[in-house]
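Enquirer: All chains should be built: construct the whole structure from the sequences, respecting the hints.
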Amino acid sequence: MADRLPSGLRPDEPTAPGFGRESRAAAEEPRLRSVGDAATAWWRAEGGSCGWCSLRAATAAGVKHRLSAVAGEDSYAWAIGDGVLAVAVADGIGTVAGAAGAAERAAAAAAGAAVASGARDGVEAANRAAAGGGATTVVVAVVDPRGRVSAARVGDSTALVAGPGGRWRELFEPPDPERPDAVTAALPATDPRLEEADDHLGPGEVLVLASDGLADPWRDGPTTVAPSLAGAVVSRPSPLELAGLVDFSRHGCHDDRTAVCVWLPGVGEGVDPGAAQGLHLHDVAPSGDQTGDEDRQGGEEPPPHAGADE
Amino acid sequence: MSATSVSVEERYSVFPFYLCLDTSASMAGAPIDSVNRQMPLLRASVGEDPAVAEVIRLGVVTFSDVAHSLLPLSDLSLVEAVPEVSAQGRTSYAAAFEHLRHVIEEDYQRGRAGGDRWYRPAVIFISDGRPTDEPERWRSALARLSDPGWKRRPNILAFGFGDADPAVLAEVAGSKPNRAFIAAEGAEPAKVVPELLSGLIQSIVSSSASVYEGSAQLVPPDVPSMKAIPVDQLD
Chain W
139 MADRLPSGLR PDEPTAPGFG RESRAAAEEP RLRSVGDAAT AWWRAEGGSC GWCSLRAATA
199 AGVKHRLSAV AGEDSYAWAI GDGVLAVAVA DGIGTVAGAA GAAERAAAAA AGAAVASGAR
259 DGVEAANRAA AGGGATTVVV AVVDPRGRVS AARVGDSTAL VAGPGGRWRE LFEPPDPERP
319 DAVTAALPAT DPRLEEADDH LGPGEVLVLA SDGLADPWRD GPTTVAPSLA GAVVSRPSPL
379 ELAGLVDFSR HGCHDDRTAV CVWLPGVGEG VDPGAAQGLH LHDVAPSGDQ TGDEDRQGGE
439 EPPPHAGADE
Chain A
102 MSATSVSVEE RYSVFPFYLC LDTSASMAGA PIDSVNRQMP LLRASVGEDP AVAEVIRLGV
162 VTFSDVAHSL LPLSDLSLVE AVPEVSAQGR TSYAAAFEHL RHVIEEDYQR GRAGGDRWYR
222 PAVIFISDGR PTDEPERWRS ALARLSDPGW KRRPNILAFG FGDADPAVLA EVAGSKPNRA
282 FIAAEGAEPA KVVPELLSGL IQSIVSSSAS VYEGSAQLVP PDVPSMKAIP VDQLD
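For the protein sequence lines, the chains are W and A, in the order given. Residue numbers 139 to 448, in the working numbering, belong to the letters of the first sequence in order. Residue numbers 102 to 336, in the working numbering, belong to the letters of the second sequence in order.
Don't take every hint at face value.
Facing chain W, a subset of chain A residues (Cβ under 7 Å, in silico) [to be verified]:
#, residue
1, S108
2, R112
3, S114
Hints were generated in silico from the structure; no laboratory data involved. We put the CB at the ideal spot given by N, CA and C, even for glycine.
Expert: Rendered as structure tokens:
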């Protein structure tokens with residue numbers, strides 16, 4: 139990396155929140171890319187509502203990418219169909235050339251296919267799309283107006299549900315905290331390591347799809363990141379507010395971060411009270427129990443591009 | 102997952118590296134002088150990338166008849182200067198492995214208490230000689246360091262020159278491909294050591310950077326005057 143920028147060019151005050159032990163690197167002024175455009179912007183945010191749901195999506199390129207003057211490699215997409223919404227997040231594997239493109243294609247393909255024929259088909263479409271070069275994780279979820287959520291993924295991007303009071307749960311099995319260097323599964327793959335999970339949004343709950351750059355510190359910050367973000371997203375922040383939230387400062391957390399959030403204002407408020415009755419954070423079964431382990435596919439060797447270590 | 106299984110501990114990722122350096126009498130002269138010249142460069146190179154500097158922790162262990170920590174596991178940005186090394190004594194691999202086993206566990210427990218979450222530690226083992234211990238002793242110490250049942254067992258990169266034995270180095274590195282390296286025949290230590298340390302600096306920086314690229318990897322160094330020791334295939 140080239141010399142650091144003069145100190146006068148660094149921001150006087152951080153614009154994003156700090157959670158726990160703050161990052162020195164996050165306080166550095168990013169190095170301007172030699173070329174750039176809106177499609178590859180380091181910070182992107184969007185949002186809106188349809189008749190039965192609201193969506194906010196935001197991505198922030200990681201501090202490491204910003205200090206190295208390269209674009210981020212996360213992507214997101216959504217698609218609205220006949221009474222369903224499909225959302226997807228993909229995280230390009232940075233060690234493979236073309237990661238950003240793979241993530242962009244995979245997210246778009248996943249959302250497009252899932253809205254028509256379900257989350258599993260979304261992952262399969264993402265796998266085909268990723269074959270055009272690069273490598274990526276993907277997580278896709280299909281939500282209906284009754285709050286039913288069907289999700290599928292390959293790799294370490296994940297789906298969370300945040301609720302009132304800063305409570306939250308993860309739909310998929312979290313990574314082993316004793317194995318932080320474990321290799322993520324990725325697409326394309328001849329036999330993708332597919333995981334599936336179902337859930338049901340209760341009153342006041344929000345579905346959050348997240349890349350690992352957000353999910354890892356969320357899990358690692360159970361008294362700072364998790365309650366702060368879970369508490370913030372339930373109040374349906376604006377797109378720019380969400381972008382600021384995901385761009386928080388935390389020691390050692392410099393990966394790209396993406397969040398796609400879905401709210402169903404009608405759940406618990408008369409649209410379909412039966413669907414939400416009695417469902418609260420503490421009594422929803424773990425996703426693994428609901429899907430059954432037979433639905434999980436595992437045991438394949440990690441893809442060669444992700445060849446890491448024990 | 103159920104909410105009750107969520108951890109209540111704050112964790113911050115760090116990537117520990119232990120440079121384990123042979124300082125036996127045969128390292129005197131150009132090799133040790135090179136080490137002392139290159140160590141400040143490591144600190145400067147890591148510091149060039151704040152994101153990498155934030156996650157790297159480096160400890161320096163030296164060994165001859167005994168082993169000790171020349172630099173305790175540290176955040177390099179907070180280290181004023183790396184102490185210089187001097188050469189003396191024999192080449193006790195056992196002392197090195199026993200010391201590493203002890204300090205890695207101790208550092209892990211201390212770090213964990215402070216909220217650190219470790220990537221698997223890496224040991225960079227450099228020697229110019231064969232072990233002077235009894236084979237049973239150094240192998241026993243290596244087995245404890247590499248014990249699959251010990252969660253903190255490090256990945257080991259082994260580098261040798263001078264009288265170092267390729268077969269021993271391969272064993273130290275767990276007989277894994279691209280983990281053990283030996284200087285090319287006829288290569289002078291005065292040339293090999295600076296190249297090696299320069300390559301290791303890049304290896305450490307690249308390994309730490311990989312944390313932010315989807316998967317943490319131990320990236321082997323590119324050292325032109327050294328070659329990877331082939332790993333035997335079992336019958």
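Enquirer: Hint by hint, which ones does this structure get wrong, listed from lowest number up?
Expert: none
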